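The residues making up each chain are set out below.
There are 2 protein chains.
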Amino acid sequence: MRLTILGCYSATPRTFTNPTSQVLEIRNHLFLIDCGEGTQVQLRKYKVKFSRIKHIFISHLHGDHFFGLPGLISTFRLLGRENELHIYGPKGIKEAVTLLLKLGDSWTNYPLIFHELESKSSQLLLEDDVISVHTIPLDHRVYTNGFLFKEKPAPRKLDITAVTRHKIDRSQFNNIKNGANGLLENGDEIDNVDLTHNPPTPKSYAFCSDTAYNETILPLISKVDVLYHESTFLESESKLCKKTKHATAKQAASIAKKAEVGSLILGHYSTRYKSIELFKEEAMEVFPDVELADDGKSFEI
Amino acid sequence: MRLTILGCYSATPRTFTNPTSQVLEIRNHLFLIDCGEGTQVQLRKYKVKFSRIKHIFISHLHGDHFFGLPGLISTFRLLGRENELHIYGPKGIKEAVTLLLKLGDSWTNYPLIFHELESKSSQLLLEDDVISVHTIPLDHRVYTNGFLFKEKPAPRKLDITAVTRHKIDRSQFNNIKNGANGLLENGDEIDNVDLTHNPPTPKSYAFCSDTAYNETILPLISKVDVLYHESTFLESESKLCKKTKHATAKQAASIAKKAEVGSLILGHYSTRYKSIELFKEEAMEVFPDVELADDGKSFEI
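Taken in sequence, the protein lines are chains A and B. For the first sequence, position 39 matches number 39 in UniProt numbering, and the numbering has no gaps at all. For the second sequence, position 159 matches number 159 in UniProt numbering, and the numbering has no gaps at all.
Isolated chain A, as found in the complex:
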């Protein structure tokens, strides 16, 4: 998995800080998570092959998380897109996008498929051989979901030296990659573990923004490899969290610690602070493996 941050600052877009949007690449999938104003420019800036995006996940309908979506949908049309585009987001998103397109008499010439969300329990949104995507219900001022991306185990890797030595026929390779034993001409079997290497361990990524401190998400994000958790404020502004339903860096770190995640990426910073390093310092008092999101930064998971 490779995560690229297109924008990770709260509130309004500014010259050098963009509102929330991320790209997650998992084998043959390229997912877009949130789409603040300017996302399509960020996609170009960081040379993401964005025609490959087939699924867009929108956490909630505050402008800094979705005002870039109508423009991106229009741009796909101008670029001659033909493939389906799936949009997952809160109920109302279809009406909003449809109205904006209708006003401009700008229907898409590709299938635009909305999956509107309103459940307050975790839901499976998407599943195939490679990945599953579930919602993570969050606690914000409006209906909001995070998203949990869980990679499925890849096929086992053939040990070419071993299959050659045992003269295993190519017709068996797919079965062996999927766990079968090798069959010799004389009827003997060779154990699968002697013909294959372990595949890479499947990875998982949880995106949680925007949200107040919310322990009910812990079972869902337990032991994920990487957790992106918003940290709009520092503890010095924790009073603002109650009113705005945001979290502090320390609270994000507490969630990471209690969920026993591999590492924590912080983001959605208020621009009131002089340096985002302050968020890292505060979080590391609670949890050791903290990274700072920043616009244009990529993470290998």
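Read the hints as simulated data drawn from the structure, not as lab findings. Note that the structure is a prediction, hence the values are computed from the model and not measured. A couple of the hints might just be wrong.
Identical chains share a label here; the pair holds if one copy fits it or two copies do between them.
Stated by the list, open to error - Below, a list of computed lysine to aspartate or glutamate pairs in the EDC-like style, where the Cα atoms sit at most 20 Å apart:
{"no.": "1", "residue 1": "Lys94", "residue 2": "Asp105"}
{"no.": "2", "residue 1": "Lys243", "residue 2": "Asp105"}
{"no.": "3", "residue 1": "Lys102", "residue 2": "Asp139"}
{"no.": "4", "residue 1": "Lys54", "residue 2": "Asp139"}
{"no.": "5", "residue 1": "Lys45", "residue 2": "Asp295"}
{"no.": "6", "residue 1": "Lys102", "residue 2": "Glu118"}
{"no.": "7", "residue 1": "Lys91", "residue 2": "Asp139"}
{"no.": "8", "residue 1": "Lys157", "residue 2": "Glu291"}
{"no.": "9", "residue 1": "Lys150", "residue 2": "Glu127"}
{"no.": "10", "residue 1": "Lys91", "residue 2": "Asp105"}
{"no.": "11", "residue 1": "Lys245", "residue 2": "Asp105"}
{"no.": "12", "residue 1": "Lys243", "residue 2": "Glu277"}
{"no.": "13", "residue 1": "Lys242", "residue 2": "Asp105"}
{"no.": "14", "residue 1": "Lys152", "residue 2": "Asp129"}
{"no.": "15", "residue 1": "Lys120", "residue 2": "Asp105"}
{"no.": "16", "residue 1": "Lys257", "residue 2": "Glu215"}
We have chain A already, so just place chain B on it with the hints.
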């Protein structure tokens, strides 16, 4: 008048080219004309004191002319705006903006006043001591208006040396600036022209984008000081104009020539061309005073 181009390229926003938006400053007014995605970032980049904007004019509801509006309206709220904001644009704009705000539970805490347009004749939108603003009905794929800004004559300027020499009392100054003669203590009158200088000649600016070649606008824009006219294409692509209802640089120049305007500013360039200088070269074959709009460029009118 001072015109600042925030964006002047057609279709999609890119890293270095922005969709349509302009700021027009006329004495105490700061008008925003169109508001493509990213306009609020451009306003910051070019250090426009955008809290001073009270009137926003939207030509039509294609994304590249208004997808930045919901974000700008939200940002005004986050910045604590209290003053009225007037939005002039095609019918439907109120429903669109209202729906987007409602979905995010993000009502403005300042008065947001929509003036929806649907007339196909020119209308007076705004008038005060300084300025009048009229629509210029255009010919595009959807209902579209350009906007005509006409400055009113400023008060005459006092000739301080003359009023001092004649010992004119200060109480008369306002009347004299408005054209009255001066009255001496002995009852004699001093002619107004002997006490004042001429004020600057009132200026006018016409914004015409997006539109096909359309001679019906000529009476409205006749002899304006500056005409901004779209030139999406060059003559080599004139066939595309019919389908898309855009204009070529040559057509823009023909309109400028027939309307006897002072100068022509070209913009709304398709990004298919290597250099925007090509637009100027083509237009100058028809009309001599041609300027090229570009993002961040300012023009004194």
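Against the structure, the hints:
1. Lys94 to Asp105: Both: 16 Å inside a chain and 17 Å across chains, each within 20 Å.
2. Lys243 to Asp105: between (40 Å within a copy, 14 Å between copies)
3. Lys102 to Asp139: The answer is between: 19 Å across copies meets 20 Å, while 33 Å in one copy does not.
4. Lys54 to Asp139: neither (27 Å within a copy, 36 Å between copies)
5. Lys45 to Asp295: Both: 11 Å inside a copy, 18 Å across copies.
6. Lys102 to Glu118: between (24 Å within a copy, 16 Å between copies)
7. Lys91 to Asp139: within (16 Å within a copy, 36 Å between copies)
8. Lys157 to Glu291: neither (32 Å within a copy, 64 Å between copies)
9. Lys150 to Glu127: within (9 Å within a copy, 60 Å between copies)
10. Lys91 to Asp105: Cα proximity of Lys91 and Asp105: across copies only (13 Å, versus 23 Å in one copy).
11. Lys245 to Asp105: between (38 Å within a copy, 14 Å between copies)
12. Lys243 to Glu277: Neither: 25 Å inside a copy, 53 Å across copies.
13. Lys242 to Asp105: Answer is between: at 17 Å across copies they meet the 20 Å cutoff, but 42 Å inside does not.
14. Lys152 to Asp129: Answer is within: at 7 Å inside a copy they meet the 20 Å cutoff, but 70 Å across does not.
15. Lys120 to Asp105: Result: close only across copies, 18 Å inter versus 35 Å intra.
16. Lys257 to Glu215: Result: close within a single copy only, 11 Å intra versus 69 Å inter.
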